[in-house]
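**Q** Residues per chain are reported as follows:
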Amino acid sequence: MNAHARTFNEAARQQTADLRQRAWIQTALSGYYAKRDEFKNRFQSWPAARDTAAAIKWEAVNHLDRYLDEFASRLEARGTSVFWAPDAQAARDYIVGVAREHQVRSIIKSKSMTAEEIHLNDALEQAGFEVVESDLGEYIVQLRHEPPYHLVFPAMHLTRQQISNLFHDRLGSAPTDNPEDLTMIARRVMRRKYCEADMGISGANFAIAETGMISITENEGNARLTTSLPKVHVAIVGIEKVLPRLSDLALFLPMLATAGAGQPITCYNTLYGGPRQPGEPDGPEEFHVVLLDNRRTELLADAEQREALHCIRCGACLNVCPIFKNVGGHSYGTTYQGPIGSVITPHLRGLQDWKHLSQASSLCGACTETCPVKINLHHHLLHNRRNAVRERPARFEKLIQTAFVFVMRRPRLYEWIGRFGRILQPLQRLVRGTLLDPLRAWTKTRSFPPVAEKSFRELWRERKKP
Amino acid sequence: MNNREIILGRIREALKIAAPHPALHDGTGTTTPLPASPQKWLPPVGGTLEEQIELFRRNAEDLKAEFRECTSANEAGQYLKKLALAGGWKKIGRHSGELTDPVARELGLPEVRTDGGYAVNDLESCDAGLTECEALVAQTGSVLVSAPSAGGRALSVLPPHHVVLARRNQMVPDLTAALQRVQEKFKDKFPSFLSFISGPSRTGDIERILVLGAHGPKKLTILLLP
Amino acid sequence: MKITLFIPCFVDQFYPQTGLSLVRVLERLGHTVDYPEAQTCCGQPAFNSGYWDEARAVAERQIAVFHDAEIVVIASGSCGAMVKVFYPELFQGHPREAEARALAAKTFEFSDFLVNRLGVLDVGARFPGRATFHDGCHGLRELGLKNPPRQLLQHVRGLELVEMKEAETCCGFGGTFAVKFPMISTAMGEVKCASIAGTGADYVISNDSSCLMQIRGVLDRQGKSVKTLHLADVLAQT
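As you go down the protein sequences, you meet chains A, B and C in turn. Here the first sequence is numbered in our numbering, starting from 1 and rising by one per residue. Here the second sequence is numbered in our numbering, starting from 1 and rising by one per residue. Here the third sequence is numbered in our numbering, starting from 1 and rising by one per residue.
If you're looking for bench data, these hints aren't it; they were derived computationally from the structure. Treat each hint with caution, since some may be false.
Simulated pairs of lysine-lysine, DSS-like, Cα-Cα distance not exceeding 25 Å [what the hints assert, rightly or not]: (1) C:Lys180 <-> A:Lys444; (2) C:Lys227 <-> C:Lys146; (3) C:Lys146 <-> A:Lys444; (4) A:Lys40 <-> C:Lys146; (5) C:Lys224 <-> A:Lys325; (6) A:Lys40 <-> A:Lys465; (7) A:Lys444 <-> C:Lys2; (8) C:Lys227 <-> A:Lys454; (9) A:Lys231 <-> B:Lys189; (10) C:Lys227 <-> A:Lys464; (11) B:Lys64 <-> A:Lys40; (12) A:Lys465 <-> A:Lys454; (13) C:Lys224 <-> A:Lys398.
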């Protein structure tokens, strides 16, 4: 077992033992389910909408070269600098370079998982820049020096008391258990930052090829302020974010909101097509779009799993995943948590190091069922397991599987092993749950059924006898 | 080879093997050709303007926005006076426009105009931002603003109360129609900024409890003029 | 109709009565039942662990065993999904692909067979008690069998069916997952059992013995007296 797998197991053990935390996550999500279903039902056909969304993303991803080229050319035509980043290092270096060139003093950032992926904040801080996360949840986890707990709800694991204590310690605010008061504390801090910051960094939810625009979805208005006031705006965009046409948003905006947050539409859906244009009163003087590959093209090359690039990062698969709900977002140790993270992390960061996430699933398929763009998530977990074994089978497991085949291809042997089990089981009972128990992984927390006195095939034979 | 060529090269190489089209949900085949227009699947919208205005009103109210029909700019100005009194407005931000000019005249408060540029702190200290818009979307209760129709990017998000003035003929049934309208209007000369605003700024980041006015406006008022 | 039974290996070894119940119901409906003794396992444990070559070696034998069967009925959504959904993928491009697809096409999960193939909703069963139904994930999502088991249970005399809050949430079994990640698997089982307890039902019924083994395992440790029953065991009662 590698270090990442050990860390995951240890974190999962701790989290599953924390009943209070598990109940908290269940409660935090309970309102979401009702709202999601309410707004899904307002669609004339949610299943057909999913088909259409999947078809549009298929078209975009399977003609990615054409659409990306179109996207970049149109942005450039209106004065945007487009930087193509083959990997995380190139993206970080470019953005740090932009900050240096403009001698910025303060950077304000709106939520971006892609920026998390390349550890952008660390790079900027190491280069001597102050970066403040403006999304409330991101700001909270930034103050705690934690990664986001969830793609969409970064601070969902925290209670209002914890947040109040955090603000009290770090910002000197008076303790309060009112979420509105807590929000206003952050609002006041952030207002000063927006007005002072000379660089704004954002992600993007969609990249529209037809018109050369990025689309940002948010509720708080922090991304709008981040991209309106500072004189430089840098948007970091994964290359898979492309949609062919502007009109595609008519489908994707309500689907993203419904699936991701249980909202009919998110509060702000904003399109940016360049820096401030002639005649416009405000907006940045410079607009940089960083297109990030960072091994996405390796996933693209896997035709079987290519559709994992259809993901619109709505987080719906996390919200329904029983693994996520029981181990929490931090246990994964990845930028992208939950089912989609378990599918793509092996591609982005190495299969052997991250295959354990694909194994840590009961393959229940709740993720696939809910995915608005119909990614066959749990089947891809199976594919990752198969690919990991093909590449490097685990020696002990290989032995067990070989024995399994040997027995299962020999019905007589299989039957005798069953009988043998019947004899051995009383012995197992003597050591049940202890280190000597071969079934310990099961019996430590669960009862194990007795082997039947007669197997079905024996009963069948008896039944057939005249 | 530059980075653009490197990445596009990787993509072309990767796409040499074709991926299968997704299957349709009812098992009748795959999604090629593209399934019917998404409008068919999205939430339904009534055909007449009156129905659309009613739907917009319901949606806007669900989103905690205020929606009001006014018979004239005069009446809108009078109504804003009431809001100004109740909210203790001392100064408003606005841009010049066919609708904003007469309404602001009626309101008669000191103002910061964003038209030719402005100082950020001046706008930040305004109690309300008065803008026009490109369209109102019945299906979602959203206001579509753009840089030219809303006095730039910040006016509609920085002051704590955003007031939108719209005309009845700006009501469109759905997002598709709204996007089509701006595409026809701007063609290749798009502004740098377009935004669908659906209710006042909000967050659920603390215990998933809804709080209005996270970073943007705490209130959104939409006044529909003839 | 001549029906060939596919009895999953763990039903054979741990829950043989469920197999007999299956036989009873099908015979009561006037069908002839056959059971080829050369069958063993569908190969899912290897398949789910990523050992597809090994899974294929086991599956090949099953394909051969059921080659001449007219209709194959299987009392498990999970093993049913293995045959119907995953055999075609496992044998894609393999010389046995056509045979794998043929077996997939003629194989039915028990409730699917009764309701969708035979059109039978009332099998003449009587079973007094208050029960809740647990959807096994494979039956529910791979095979799309949300309604058939419920339709059958609704026609059982004396049975009161109550829905639990999280009927569709996984019980946490997941095959080898249950022993590779016992802490997560058990946590999921606890969520399931809390949901079951919330109904006040005396019985929890499922069409998957593997889920029931997990649920029973957790219930026992919690000291709960709710009984676990396979759908076939309920339908066999008269």
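**Q** Are the hints correct? Go through all of them and say.
**A** Hints and how they fare:
1. About 13 Å separates the Cα atoms of Lys180 of chain C and Lys444 of chain A, which keeps this hinted pair within 25 Å; it holds.
2. Only pairs whose Cα atoms come within 25 Å are accepted, and Lys227 of chain C paired with Lys146 of chain C is accepted, the gap being roughly 22 Å.
3. At roughly 33 Å between alpha-carbon atoms, Lys146 of chain C and Lys444 of chain A are farther apart than 25 Å, so this suggested pair is violated.
4. Restraint check for Lys40 of chain A and Lys146 of chain C: the C-alpha separation of about 19 Å stays at or below 25 Å, so the hint holds.
5. Under the criterion of a C-alpha separation no larger than 25 Å, the hint pairing Lys224 of chain C with Lys325 of chain A is consistent with the structure, at around 24 Å.
6. With a C-alpha separation of about 58 Å, the suggested pair Lys40 of chain A and Lys465 of chain A falls outside the 25 Å cut-off, and the hint is violated.
7. Distance hint between Lys444 of chain A and Lys2 of chain C is unfulfilled; the C-alpha atoms sit about 44 Å from each other, more than 25 Å.
8. Our distance criterion of 25 Å between C-alpha atoms is met by Lys227 of chain C and Lys454 of chain A, whose separation comes to about 22 Å.
9. Restraint check: the Cα-Cα separation between Lys231 of chain A and Lys189 of chain B comes to about 22 Å, which is no more than 25 Å; the hinted pair holds.
10. For the given pair, Lys227 of chain C sits about 31 Å from Lys464 of chain A by alpha-carbon distance, which is inconsistent with the 25 Å threshold.
11. With a CA separation close to 20 Å, the supplied pair Lys64 of chain B and Lys40 of chain A stays within the 25 Å bound.
12. With a C-alpha separation of about 15 Å, the suggested pair Lys465 of chain A and Lys454 of chain A falls inside the 25 Å cut-off, and the hint holds.
13. A threshold of 25 Å between alpha carbons decides the hint, and for Lys224 of chain C with Lys398 of chain A the separation of about 38 Å lies outside it, so the pair is violated.
Hints 3, 6, 7, 10 and 13 from the list above are not met by this structure, while the remaining hints are.
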